[in-house]
Amino acid sequence: MKGMDLERFTDVSGRELFDLPDAPRPGGDVPAPVRFLPDFDTLILGHADRTRVLAEEFKGRVATKNLRMRAVYLVDGFAAGTWQIKRTGKKARLLVSPFTATSLDLLEEEGLRLLAFAEPDAASASLEVVDA
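Numbering-wise, the sequence shown is residues -13 to 118 according to the working numbering.
These aren't lab readings, by the way, just hints derived from the structure by calculation. Please note that a few of the clues may not be correct.
Derived Cβ-Cβ restraints for the label pairs, each shown as a range [to be verified]:
#1 Pro7 / Asp107: 39 to 49 Å
#2 Leu(-8) / Asp117: 22 to 32 Å
#3 Lys76 / Gly32: 28 to 38 Å
#4 Asp107 / Val(-2): 42 to 52 Å
#5 Val16 / Lys51: 12 to 22 Å
#6 Asp35 / Lys76: 13 to 23 Å
#7 Arg47 / Lys72: 29 to 39 Å
#8 Lys76 / Val(-2): 47 to 57 Å
In silico DSBU-like links for lysine-lysine, alpha-carbon gap of 35 Å or less [what the hints assert, rightly or not]:
#9 Lys76 / Lys51
#10 Lys51 / Lys77
#11 Lys72 / Lys45
#12 Lys45 / Lys76
#13 Lys45 / Lys77
#14 Lys72 / Lys51
All C-beta atoms, glycine included, are put in the ideal place defined by N, C-alpha and C.
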């Protein structure tokens, strides 16, 4: 990092962080958009300390005993549940399993965009809440 013109920050754990000087940095009051991450996503896999994204209490619902990492969705930057796509004939369903009570309105727009991308030939698409 020596010789690079970078902004320096310190996180809540005291670690030094770096960013580009002109990079956009929205304030902490700006909510992060809902995002659907696939199985084995590096945001979940690539950190020794995942608590910034995945609360310790939900870790067992994402990392299975056979070492599978489930697909998760983020609400305001934090893992809020798992998801999977089920296809039956021409019907595509996005099945979400929230960790806590979550408004489906938050998930619907991005979830339907995901289904349109992943299942473009589906005649119908829906979002459903299921138990994990």
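Numbers of unmet hints, in rising order: Numbers 2, 5, 6, 7 - these are the hints that the structure violates, sorted from lowest upward.
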